[in-house]
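Chains as they are written, first to last, in this note's numbering: chain Z, 749 to 1062; chain X, 211 to 520; chain D, 8 to 341.
In case anyone wonders, no lab produced these hints; they're calculated from the structure.
Note that the structure is a prediction, hence the values are computed from the model and not measured.
One should not assume that every hint holds.
Simulated crosslink set (SDA-like; lysine to any residue; CA at most 25 Å straight-line) [unchecked claim]:
(1) Z/Lys-978 x D/Met-123
(2) X/Lys-252 x X/Thr-444
(3) Z/Lys-978 x D/Lys-83
(4) D/Lys-14 x D/Thr-113
(5) Z/Lys-978 x D/Gly-40
(6) D/Lys-116 x Z/Ser-948
(7) D/Lys-116 x Z/Ser-883
(8) X/Lys-252 x Z/Asn-877
(9) D/Lys-85 x D/Glu-66
(10) Z/Lys-978 x D/Tyr-156
(11) X/Lys-252 x Z/Gly-947
(12) D/Lys-116 x Z/Val-880
(13) D/Lys-134 x Z/Leu-874
(14) Z/Lys-978 x D/Pro-282
(15) D/Lys-85 x D/Lys-95
(16) Z/Lys-978 x Z/Gln-822
(17) D/Lys-116 x Z/Ala-879
(18) Z/Lys-978 x D/Tyr-160
(19) X/Lys-252 x Z/Leu-1047
(20) D/Lys-116 x Z/Leu-1020
(21) D/Lys-154 x Z/Gly-753
(22) X/Lys-252 x Z/Ile-972
(23) D/Lys-116 x Z/Asn-1053
(24) Z/Lys-978 x D/Lys-116
(25) D/Lys-116 x Z/Glu-951
(26) D/Lys-85 x Z/Ser-955
(27) D/Lys-95 x Z/Ile-958
(28) X/Lys-252 x Z/Lys-978
(29) D/Lys-95 x D/Glu-21
(30) X/Lys-252 x Z/Val-880
(31) D/Lys-134 x Z/Ser-948
Now the in silico label distances, taken between C-beta atoms and shown as ranges [unchecked claim]:
(32) X/Ala-416 x Z/Gln-1017: 52 to 62 Å
(33) X/Asp-481 x Z/Pro-811: 42 to 52 Å
(34) Z/Val-771 x X/Val-386: 14 to 24 Å
(35) Z/Phe-977 x D/Glu-132: 20 to 30 Å
(36) Z/Phe-977 x D/Arg-329: 38 to 48 Å
Think of the CB as a built atom: it goes at the ideal place given N, C-alpha and C, for glycine as much as any other residue.
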Amino acid sequence: MRQEGLLRHAAVRLLGLIPTLLVLITIAFFLIRMAPGGPFDGEKVLPPEIRANLDANYHLDEPLLQQYFRYLGQIITGDFGPSFQYKDWTVNELIAQGFPVSATVGGLAMLLAFVLGTLIGTVAALRQNTAVDYSVMGVAMLGISIPNFVVAPLLILGLAVYAGWLPAGGWDWSWQRMILPVITLALPAIAYIARLTRGSMIEVLHSNYIRTARAKGLPESLVIRRHAFKPAILPVISYMGPATAALITGSVVVERIYSIPGLGSYFVQGALNRDYTLVMGVVVFYGVVIVVLNFIVDLLYAWLNPRIRYSEAP
Amino acid sequence: MNIEAKPRSPELSVEDPFAAAFAEEDVRGRSLWVDAWHRLLKNRAAVVSGVIMAIMLLMVVVGPMVLPWEGDFTDWDNTSSPPSLETKHWFGTDAVGRDILVRTLEGGRISLLVGLVATLVSLVIGVTYGAIAGYYGGMTDRVMMRVVDIVYALPFMFFVILLMVVFGRNIVLIFVAIGAVNWLDMARIVRGQTLSLKNTEFIEAARACGVDHHSIIRRHIVPNLLGVVMVYVTLTIPQVILVESFLSFLGLGVQEPMSSWGALVNDGAQDMESAPWTLVFPAAFLTVTLYCFNYIGDGMRDALDPKDHL
Amino acid sequence: MALLEVKNLEVSFETPDGVVQAVNGMSFTLDQGETLAIVGESGAGKSQMVLAFMGLLAENGSVRGEALFHGNDLLKMKPRGLNGIRGKQIAMIFQDPMTSLNPFLTIEKQMAEVVMHHQGLRREEAKAHAVEMLRAVRIPDPEERIKQYPHEYSGGMRQRVMIAIGLLCEPELLIADEPSTALDVTVQAQITELVSELRKQTRMSLMLITHDLAAVAEVADRIIVMYAGEAVETGGVDDIFYRPQHPYTRGLLASVPRLDRASDDELQAIPGNPPNLQELPEGCRFRDRCTEAMEQCRKRPPLWVSDDGRSSRCFLPMEGGRTLQNATEPEHDE
Chain Z
749 MRQEGLLRHA AVRLLGLIPT LLVLITIAFF LIRMAPGGPF DGEKVLPPEI RANLDANYHL
809 DEPLLQQYFR YLGQIITGDF GPSFQYKDWT VNELIAQGFP VSATVGGLAM LLAFVLGTLI
869 GTVAALRQNT AVDYSVMGVA MLGISIPNFV VAPLLILGLA VYAGWLPAGG WDWSWQRMIL
929 PVITLALPAI AYIARLTRGS MIEVLHSNYI RTARAKGLPE SLVIRRHAFK PAILPVISYM
989 GPATAALITG SVVVERIYSI PGLGSYFVQG ALNRDYTLVM GVVVFYGVVI VVLNFIVDLL
1049 YAWLNPRIRY SEAP
Chain X
211 MNIEAKPRSP ELSVEDPFAA AFAEEDVRGR SLWVDAWHRL LKNRAAVVSG VIMAIMLLMV
271 VVGPMVLPWE GDFTDWDNTS SPPSLETKHW FGTDAVGRDI LVRTLEGGRI SLLVGLVATL
331 VSLVIGVTYG AIAGYYGGMT DRVMMRVVDI VYALPFMFFV ILLMVVFGRN IVLIFVAIGA
391 VNWLDMARIV RGQTLSLKNT EFIEAARACG VDHHSIIRRH IVPNLLGVVM VYVTLTIPQV
451 ILVESFLSFL GLGVQEPMSS WGALVNDGAQ DMESAPWTLV FPAAFLTVTL YCFNYIGDGM
511 RDALDPKDHL
Chain D
8 MALLEVKNLE VSFETPDGVV QAVNGMSFTL DQGETLAIVG ESGAGKSQMV LAFMGLLAEN
68 GSVRGEALFH GNDLLKMKPR GLNGIRGKQI AMIFQDPMTS LNPFLTIEKQ MAEVVMHHQG
128 LRREEAKAHA VEMLRAVRIP DPEERIKQYP HEYSGGMRQR VMIAIGLLCE PELLIADEPS
188 TALDVTVQAQ ITELVSELRK QTRMSLMLIT HDLAAVAEVA DRIIVMYAGE AVETGGVDDI
248 FYRPQHPYTR GLLASVPRLD RASDDELQAI PGNPPNLQEL PEGCRFRDRC TEAMEQCRKR
308 PPLWVSDDGR SSRCFLPMEG GRTLQNATEP EHDE
């Protein structure tokens, strides 16, 4: 019965994703086409016939609306088209190249943030209003406030330039080169998750069912682990959706500072060069990633929370 | 503004089961706002942050007027010179001899200005949108909030970048672009508050007296939203400053000769090995500002809603 | 030796607006197999007193005095020692069944963990035991229902589950804190009946906390009447009902509908409210609401005690009682 409800819930939510993606594609498409200058307004002026040829080749000579629907049809088949800038590459190939790098750094950062954040938050909640609590939360606030493009240069300066322990940048899939980017990316998320966990853990620890658990004579560690942890991390679970979006955004800066050939670097390059197809491709791709992760988080939340009912319309 | 007349009773912090019974008579005279103000003053972190921000604001406004250097003056005798009292470049200079202190303060003007104006933009859009959705309810509400949901799921930072790329990099666009993508949270919060407020007795009473919709929204709902909106504004300002500095860091924000903390951090990061002071000072100003705004917002939230402030 | 002996228990809370004195010098004993009712208005400190010696006070609460269980002071025990008693020898049922069960765990998990922890049973044995206990509190189809979550149970059913959890380890003492207050009137009677019936089947002692004097008439052996954090009158159930000494007890009785009284007797509520626990008045705490208040009530009233275990704190003499001179500190010499 519960399983069925969960499945129906999933199906309804999945249908709800379609308008979101449609809006995403539409806005991005028309926005980038409004830009003055095109991909072939390069350093030298091309002869008109070659230009016309190129335009025809990329369907740039068609009416805008026709291009839009052509692009929609293309995207449904999963084809983002050729890149304007990187002549020999399709956007799909560029994404296939950049995304695994970004996903690795982002995934590790997310994992680190979840583990450390919930741990720190729980410790602070258990030591509520003590020196430990205040100092941990003060540091967490700093973690939220200090931008990652400030953290990154400082980390490079301290750990790479002066201490020489770690490489300052570059990418070769080795763990040494992952440490600094992952930490930089995870820091604000750790801080935010710690604050969330602390708040909800304190609330949960004051609830009647925790009092019941204690009255049963269970040791405090078991009370926390079995009775308090799950309800306390539910807000963290629902934060994972927005956190992913923040992480992806942050990765644009982090990849640039650490010279990591991820999707974020391609995006900034594409934006500066008006590489329509590449920029569109990255925005749509990341839109899909965020939407899908939000969907998974939503399901996870429903699965963890037995009280959620599925009877209501979305 | 008459804030004494707010028809809201102060919320009590009820840790023990007895306080509620007795506190009622003690508190009745005080209003929510006076109460919240007293609680805020007790919050040391928030008070210290407030004082620091006041000093920061003063420095940023007055500093560039009284300091001996112009922001775009290039002192060729002292390029990339470290902080020193002798050269009168107290924070040092950059690679072309510009004074870091003056540039940091001038950058602060832009950063803070962007923070305030863009927050104002998001405030106006968000409050209007949320109040209308919440007040009219029903189909209007459902459609409007569905739109918010959809826009919410978009990777908004990419849109800001797109906007900057498409329309060129000018400061007015920065205000609008950041404000226009930041109003969603505000709309959601305001809508939720409006929904719960609209069914309270004093709104019913106003409606029964034949007061029209616009007056009810303007005179009754908006003033009652003030608390939650103030908290949210305080927490939005640092977010906006952060977004601006993020854009400027990528080279997509304000352009020379104008500067902001983000742009200065970007410049500083280029030379950080040879001249770390060019990175450290603007970075410190930016971080301190964000830190303080976050603490003030936190303190205000706790003061206005003591429930989660055990 | 008494099963539980509470001596001079004091509970206070540190609040932003000052110290709240919730319980003041409570002393009483509870024997094996006895049912003791603690009666008083809400806020009289009944629950806080129990939570105090169970080690379940909120962080801002502090407790002084002694609470001897089998001669060992619960207040001085380390967490490990206390955990060996809670849920095993002393079980507790709380006021609000809707929030007292963990909404994220199945009933099975919440029941099985008690016996697995205290008696070292394996999961299967623990489950079988839990099913039996659900059957004992008359939950229909326990094999199926044990797999469910609390939100799938009604309020009355949840309270039955709470009782079943309390009885899992066959405790020597069951503390029921307003077990039926939050429930529908019809369900209230069922729950009270169930508790007293289960008590009779075992040799367990029962401490029943309630604001409803009438509800305990048939269940309790002895009654302690509490007012503003202290015991104003103690006695056997018949003494309290037929020969009440303290004006507050009489006031409570006058507000209870009774079959043995002429139907044209009016029910009388006690006028006024209990005093502010932050600024307790000097002298008798009930003074301002008392119909028999005198000038001397501004001083601390004496404690009257009798050999058959009755007591009353009032300037009015108690029949068959003598006063203790040092009224503030009840004597503890054995």
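Status of each hint after checking the structure:
1. Z/Lys-978 x D/Met-123: holds, 21 Å
2. X/Lys-252 x X/Thr-444: Judged against 25 Å, a Cα distance of about 18 Å means the pair holds.
3. Z/Lys-978 x D/Lys-83: violated, 32 Å
4. D/Lys-14 x D/Thr-113: Not satisfied, since the Cα-Cα distance of roughly 39 Å exceeds 25 Å.
5. Z/Lys-978 x D/Gly-40: violated, 39 Å
6. D/Lys-116 x Z/Ser-948: holds, 23 Å
7. D/Lys-116 x Z/Ser-883: Distance ~37 Å between D/Lys-116 and Z/Ser-883 Cα, so the pair is violated.
8. X/Lys-252 x Z/Asn-877: holds, 15 Å
9. D/Lys-85 x D/Glu-66: Holds: D/Lys-85 and D/Glu-66 sit about 16 Å apart, inside 25 Å.
10. Z/Lys-978 x D/Tyr-156: Between Z/Lys-978 and D/Tyr-156 the Cα gap is close to 15 Å, so the pair holds against 25 Å.
11. X/Lys-252 x Z/Gly-947: holds, 20 Å
12. D/Lys-116 x Z/Val-880: With a Cα-Cα distance of about 34 Å, the restraint between D/Lys-116 and Z/Val-880 is violated, given a limit of 25 Å.
13. D/Lys-134 x Z/Leu-874: violated, 32 Å
14. Z/Lys-978 x D/Pro-282: violated, 41 Å
15. D/Lys-85 x D/Lys-95: holds, 16 Å
16. Z/Lys-978 x Z/Gln-822: Judged against 25 Å, a Cα distance of about 43 Å means the pair is violated.
17. D/Lys-116 x Z/Ala-879: violated, 36 Å
18. Z/Lys-978 x D/Tyr-160: holds, 21 Å
19. X/Lys-252 x Z/Leu-1047: Between X/Lys-252 and Z/Leu-1047 the Cα gap is close to 42 Å, so the pair fails against 25 Å, i.e. violated.
20. D/Lys-116 x Z/Leu-1020: violated, 58 Å
21. D/Lys-154 x Z/Gly-753: holds, 17 Å
22. X/Lys-252 x Z/Ile-972: violated, 31 Å
23. D/Lys-116 x Z/Asn-1053: holds, 15 Å
24. Z/Lys-978 x D/Lys-116: holds, 14 Å
25. D/Lys-116 x Z/Glu-951: holds, 22 Å
26. D/Lys-85 x Z/Ser-955: The hint holds at about 23 Å.
27. D/Lys-95 x Z/Ile-958: Between D/Lys-95 and Z/Ile-958 the Cα gap is close to 17 Å, so the pair holds against 25 Å.
28. X/Lys-252 x Z/Lys-978: violated, 34 Å
29. D/Lys-95 x D/Glu-21: violated, 31 Å
30. X/Lys-252 x Z/Val-880: holds, 20 Å
31. D/Lys-134 x Z/Ser-948: violated, 31 Å
32. X/Ala-416 x Z/Gln-1017: 52 to 62 Å: holds, 57 Å
33. X/Asp-481 x Z/Pro-811: 42 to 52 Å: Cβ of X/Asp-481 to Cβ of Z/Pro-811: about 49 Å, so the range 42 to 52 Å holds.
34. Z/Val-771 x X/Val-386: 14 to 24 Å: holds, 20 Å
35. Z/Phe-977 x D/Glu-132: 20 to 30 Å: holds, 26 Å
36. Z/Phe-977 x D/Arg-329: 38 to 48 Å: Cβ of Z/Phe-977 to Cβ of D/Arg-329: about 57 Å, so the range 38 to 48 Å is violated.
Going down the numbered hints, you'll see the structure goes against 3, 4, 5, 7, 12, 13, 14, 16, 17, 19, 20, 22, 28, 29, 31, 36, while the others check out.
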